[in-house]
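Participant: Protein sequence lines correspond, in order, to chains Y and C. Numbering that gives the first Met the number 0 puts the last residue of the first sequence at 783; the count rises by one with no breaks. Numbering that gives the first Met the number 0 puts the last residue of the second sequence at 177; the count rises by one with no breaks.
Hints were generated in silico from the structure; no laboratory data involved. None of the hints are false.
Per the computed footprint, the stretches of chain C lying under chain Y, defined by three or more beta-carbons under 8 Å from a beta-carbon of chain Y, are: (1) 11-18; (2) 60-74; (3) 77-85; (4) 94-102; (5) 108-122; (6) 133-144.
Keep in mind it's a predicted model, so treat the numbers as computed, not measured. Don't be surprised by glycine CBs; every beta carbon is placed ideally from N, CA and C.
Here's the letter readout for the chains.
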Amino acid sequence: MSRKNVQIKVKELKTNVATIKDLELSFGRLTTETWTEPTGPTPFPSITALREWDHKLLQRYKPFYMPYCDVCCLCTFGKCDLTAGKRGACGIDMSAQQSRIVLLACLIGASTHTAHARHMVEHLIEKYGHDSPIDIGGLSIEVEATILRLVCGVKPKTLGDLEEVLDYCENQVTNLLSSTHTGQEGNNIDFESKVFHAGMIDHVGLEVADIAQVATLGFPKADPEAPLVDLGYGTIDSQKPVILCIGHNVIPATGIIDYLKASGLHGEVEVCGLCCTAHDMTRYNPKAKIVGPISWQLRFIRSGLPDVIVLDEQCVRTDCLNEAQKIHTPVVVTSEKNCMGLPNRTNDPADEIVADLVEGKVAGVLILDPEKVGEVVARTAVKVAPNRKKFKVIPNVEDIVVGAKTCKKCDDCRRACPQDLHIMEAVADASTGNLDSLSSLYDICIGCGRCENACQMDLPLHSYIVKAGEKKLKEEQFKIRSGRGAIQDVEIRNVGSPIVLGEIPGVLAVVGCSNYPHGGKEVVDIIQEFANRKFIVVTSGCAAMTAAMYKNEEGKTLYEEYPGSFEAGGIVNVGSCVANAHIAGAAIKIANIFAKRNLRANYEEIADYIHNRVGAVGLAWGAYSQKAAAIGAGFWRLGVPVIVGPHGAKYRRMLLGRKDREEDWYVHDARTGDRVYVGPAPEHLFYAAETKEEAMVMIAKLCMRPNDTTRGRAIKLTHYIDLHKRLYGAMPEDIDLYVRNELDIPITMKDEIRKILEDKKWKENRIPDPTLLPRMIRKRKEEA
Amino acid sequence: MATEPWQKAEIPGPTKALIITKPEVVVAMIKKAKRPLLVVGHEAAENQVGDKKLLDYAIRLSKMGKIPMVATAHIVGELAGLGFKPEGFMPAVDIANRLVDPEWKGLDGNGQYDLAMIMGITYYMEWVLFSGLKHFGQNLKTISLDRYYHPQASWSFPNISIENWAQNLDVIIGKLGE
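Please put together the full structure from these sequences, using the hints given.
Facilitator: Shown next, in the form of structure tokens:
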């Protein structure tokens with residue numbers, strides 16, 4: 000690997016020719032190369048290096064735009080009305096404008112992950128040194144940093160090696176962002192190519208962040224038996240001082256846990272978290288607890304349990320400080336990206352800061368030194384807790400009844416609710432003392448609080464729902480398997496063949512946020528269905544938490560019921576958002592470990608392999624954020640389809656295949672060079688499902704790949720048809736597009752399917768060695 | 000209030016749906032259309048309109064107006080249970096994507112549609128689908144048959160009561176049958 004900015008100073012150098020004094024040599028970069036794999040065509044690819052690959056995908060999966068509004072308001076030419084073919088003052092049309100907005104969203108996501116990674120790496124280098132080794136799985140992981148190998152063509156060995164990778168990411172994000180300036184890119188397909196590039200850069204940032212923390216912080220290292228840890232409000236001991244950490248960057252929380260241990264307070268104080276910081280806290284220390292996903296922020300704060308709230312970065316409610324003040328809880332913000340208007344006390348003595356927080360002289364402070372955060376937060380929590388007495392702002396039943404009687408029945412609460420919840424009717428019931436209707440909203444509410452902002456009577460409606468659901472909240476006691484990190488090489492060896500041949504019917508990655516259309520139970524149902532069908536199910540982020548929040552009849556969660564290994568029927572929690580890198584990494588490793596394809600800077604070939612052979616699909620049922628968009632974009636460039644829930648339609652752009660256009664579904668046969676029809680597999684690259692049932696059928700369908708063996712295709716078709724019959728109550732109408740020859744037909748459905756094929760005048764097709772890349776055709780190479 | 004979007008923050012911009020002030024407007028639009036299409040989402044199987052399901056209205060509308068129906072999401076089985084076979088079923092984003100393709104030959108191979116009526120898709124999803132059709136559907140008019148104002152459609156009911164909605168749908172179906 001290389002070293003940046005190497006300087007050599009020589010005080011005095013005597014030679015036969017001359018004596019040189021105060022010689023100073025400076026090298027921009029010094030490279031010591033030990034990795035013998037040949038470098039592929041696209042090391043550190045520029046914005047346009049993979050443009051041809053992107054255009055191939057976008058030719059098949061054309062964007063369908065669904066604008067939020069008719070105008071562009073990004074410059075002072077505007078607002079410009081772009082409705083139905085009109086162009087703006089700069090000349091842009093609606094397609095380009097929408098793809099530009101998608102690019103901006105993905106760049107927000109990619110820059111956020113990259114900045115997170117930069118902070119992580121800088122901090123860890125300061126603490127552990129440049130030469131701290133990157134070991135994320137011992138002997139179980141020889142192919143570590145798969146995304147970095149694939150994209151950048153580097154094989155990092157130490158923390159210091161990650162710096163030049165982040166330099167690259169920052170450079171690319173800056174260049175991509177510049178393309179969104181007025182009067183730059185104007186073609187929607189080129190914008191979309193840049194979206195893919197942003198997604199790929201995002202994945203690099205994810206991987207850097209997670210391998211850096213796994214390598215240094217003692218997280219589980221690719222461990223299928225990572226510990227089962229506590230999740231849920233009910234697991235938190237309210238008798239103890241409670242520290243709540245919210246966000247995604249675990250570094251401040253490690254400072255807290257370290258201080259508690261060093262000061263003998265560990266065990267005396269509860270440390271819990273919300274969102275991905277919570278995942279990584281349990282990876283750092285299995286005694287830390289997860290409260291729940293992002294949507295639990297308001298309900299948990301208002302419940303009064305936290306004695307100190309620590310905010311780091313990403314997905315933190317921006318009104319946390321206001322909410323904390325309502326329950327008399329001090330706030331410590333710890334990230335330059337999220338200062339909340341609080342005074343920077345980083346350089347002040349801890350004693351003074353603690354005193355100010357405990358006495359309530361300040362509502363909160365900014366501290367950028369994680370060790371000082373640890374000391375201040377721990378000491379403050381211990382001192383504040385007895386005074387606060389878990390003061391809460393959840394009303395009692397009598398208050399709700401009185402408040403509900405003042406409701407003006409304007410229905411503004413429902414009309415502000417993203418879920419269209421019938422809040423007004425529930426409040427009407429509450430005015431009679433019946434809180435059942437409010438309680439029924441608890442499971443579906445995404446905790447945004449928009450109902451309260453809309454209420455003309457300023458009723459604390461979200462708190463009403465939380466009070467009505469209080470019993471459920473307090474009974475939330477679950478086990479989740481702590482994020483394990485990467486997938487082992489041996490696991491890939493074991494499943495590589497059955498995945499590529501189609502005998503494991505698919506890999507389903509259930510990821511993303513908790514903006515679910517009908518509550519988290521749908522996510523649990525989907526995961527369980529596919530685990531039972533022997534798909535490999537991988538989880539991360541808030542979705543991984545949601546997966547733990549329901550128990551079977553024996554009182555076990557999915558993580559207790561199913562193995563945590565990357566195998567058929569396993570449910571694998573890789574960890575926080577940044578651990579999504581290991582999901583992409585697993586797909587990439589299949590190409591490398593199983594198929595022996597070179598990874599190094601060989602992006603296009605590996606993506607082509609994954610797209611045509613690895614039956615993987617992502618499901619972000621509650622995706623809401625720009626980061627989720629960026630993560631999705633990274634998968635799109637790899638050719639992996641992503642399904643979102645109905646709220647995901649608000650990302651404003653789908654990438655949809657057209658199964659009725661036969662000409663879109665030809666590949667090259669790498670053996671012969673022939674163009675071969677392979678059917679719409681996979682049919683879509685980005686797609687919003689209307690219902691859970693629709694998503695489940697589509698998951699099974701999107702796992703089909705041109706390379707499936709006949710046995711594999713028959714297995715996949717069995718799942719697709721079976722789910723379609725059960726959930727749609729009918730046979731699929733497109734079976735003929737997925738049966739390539741007689742042997743593809745599931746044996747138990749032969750008669751039924753043969754009849755359909757006859758009616759549709761189906762003709763047999765051959766199974767090629769599929770590729771979208773002409774350069775992969777072996778016959779031509781031989782001829783040349 | 001009547002002409003505000005149901006979800007109040009959903010402000011589309013300069014081009015907003017004309018309001019269906021009386022059901023005859025819809026009847027006239029359907030009769031004027033050469034190739035109308037009815038798109039029915041999953042909420043039609045869940046929502047009651049008076050003592051009937053919205054799905055019952057959708058079936059009657061399709062039959063009386065001789066309007067081909069595309070069922071979205073998973074409701075094709077529900078329709079079969081009611082003895083009705085739609086001309087097509089596919090995801091909502093798929094039918095919208097086809098409706099903006101001038102080369103699409105339609106469900107029957109006879110060409111693109113010139114009028115798309117949508118009912119029974121969750122408001123926020125239907126909102127963006129209508130938007131896609133508004134901006135990219137060439138020569139396509141759209142009508143929302145849901146009871147909430149959908150400004151991204153060409154025509155929409157204002158926010159109306161269930162009773163009013165039922166009366167409107169009954170009139171439309173009745174007049175199409177005349």
